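A.B. asks: Once you have looked at the hints, place chain V on chain P.
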Amino acid sequence: AQSVTQLGSHVSVSEGALVLLRCNYSSSVPPYLFWYVQYPNQGLQLLLKYTTGATLVKGINGFEAEFKKSETSFHLTKPSAHMSDAAEYFCAVSFTGRRALTFGSGTRLQVQP
Amino acid sequence: DGGITQSPKYLFRKEGQNVTLSCEQNLNHDAMYWYRQDPGQGLRLIYYSQIVNDFQKGDIAEGYSVSREKKESFPLTVTSAQKNPTAFYLCASNKEPQGNEQFFGPGTRLTVL
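Respectively, the protein sequence lines represent chains P and V. Number 113 marks the last residue of the first sequence (my numbering); no jumps. Number 1113 marks the last residue of the second sequence (my numbering); no jumps.
To be clear, the hints were calculated from the coordinates, so they are not data collected in a lab. A quick note: this is a predicted structure, and the numbers were derived from the prediction, not measured. Even for Gly, the Cβ is constructed at its ideal location relative to N, Cα and C. All clues stand as given, with none of them false.
Cross-link-like lysine-lysine pairs, in silico, DSS-like; alpha carbons within 30 Å at most:
#1 Lys68/P <-> Lys58/P
#2 Lys1095/V <-> Lys68/P
#3 Lys49/P <-> Lys1071/V
#4 Lys1057/V <-> Lys1095/V
#5 Lys49/P <-> Lys69/P
#6 Lys1057/V <-> Lys49/P
#7 Lys49/P <-> Lys68/P
#8 Lys1071/V <-> Lys1009/V
#9 Lys1095/V <-> Lys49/P
#10 Lys1009/V <-> Lys1083/V
#11 Lys1014/V <-> Lys1083/V
#12 Lys1095/V <-> Lys58/P
#13 Lys1057/V <-> Lys1071/V
#14 Lys1057/V <-> Lys1083/V
#15 Lys1095/V <-> Lys69/P
#16 Lys1009/V <-> Lys1057/V
#17 Lys49/P <-> Lys1009/V
#18 Lys1070/V <-> Lys1095/V
#19 Lys1057/V <-> Lys1070/V
#20 Lys1009/V <-> Lys1070/V
#21 Lys69/P <-> Lys58/P
Stretch-level coverage of chain V by chain P, calculated; a stretch enters the list once three of its residues show a Cβ under 8 Å from a Cβ in chain P:
#22 1032 to 1041
#23 1047 to 1060
#24 1102 to 1111
For reference, chain P alone in the conformation it holds in the complex:
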């Protein structure tokens, strides 16, 4: 079955530290990949996406993600965390033959001062 796995429902980092949020998917065909951010009681905002081309994708707010086909991964990183990065992050995949996105269960990022 096609699925999306986000390792770690909660991640805590210190302000200024590296942020690494993990996402793996199950598919033999490279899908389209997205990262969204959600602040409390709000909708989702797109951070970045991978469709084709360069496997290192840069997004908003200093985030980037690398598509690794061999590892079926699309991990999200940011070199230096800021307090305003505290939110929930969702990895989403558009699998071939499925119109809607399939979401991971989300990772809540806490940033400690």
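C.D. replies: Then chain V, alone, in the frame of chain P:
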């Protein structure tokens, strides 16, 4: 400004009542989606529609109904048959083809009393 609006933001319902959640977009997008969000479970697809007067069930359609009479509007009705309707409901839309990112509304929080 173009975007997706959802109303109301908060909704309270007594058991046994049907309620309708509104979703409107002025992005000229063809496809629209309804997702349900529960803590720790990510987003799950309820229904989606690719064109006017056509829609398909998603993964958790039981107890819900939709209509798509206009391109801009995709209302969701939560019926009394939905056994556990308390959740955060998100509407999204995107443009063809597959792979284009989905844009999300601000969500409606439904609480059953």
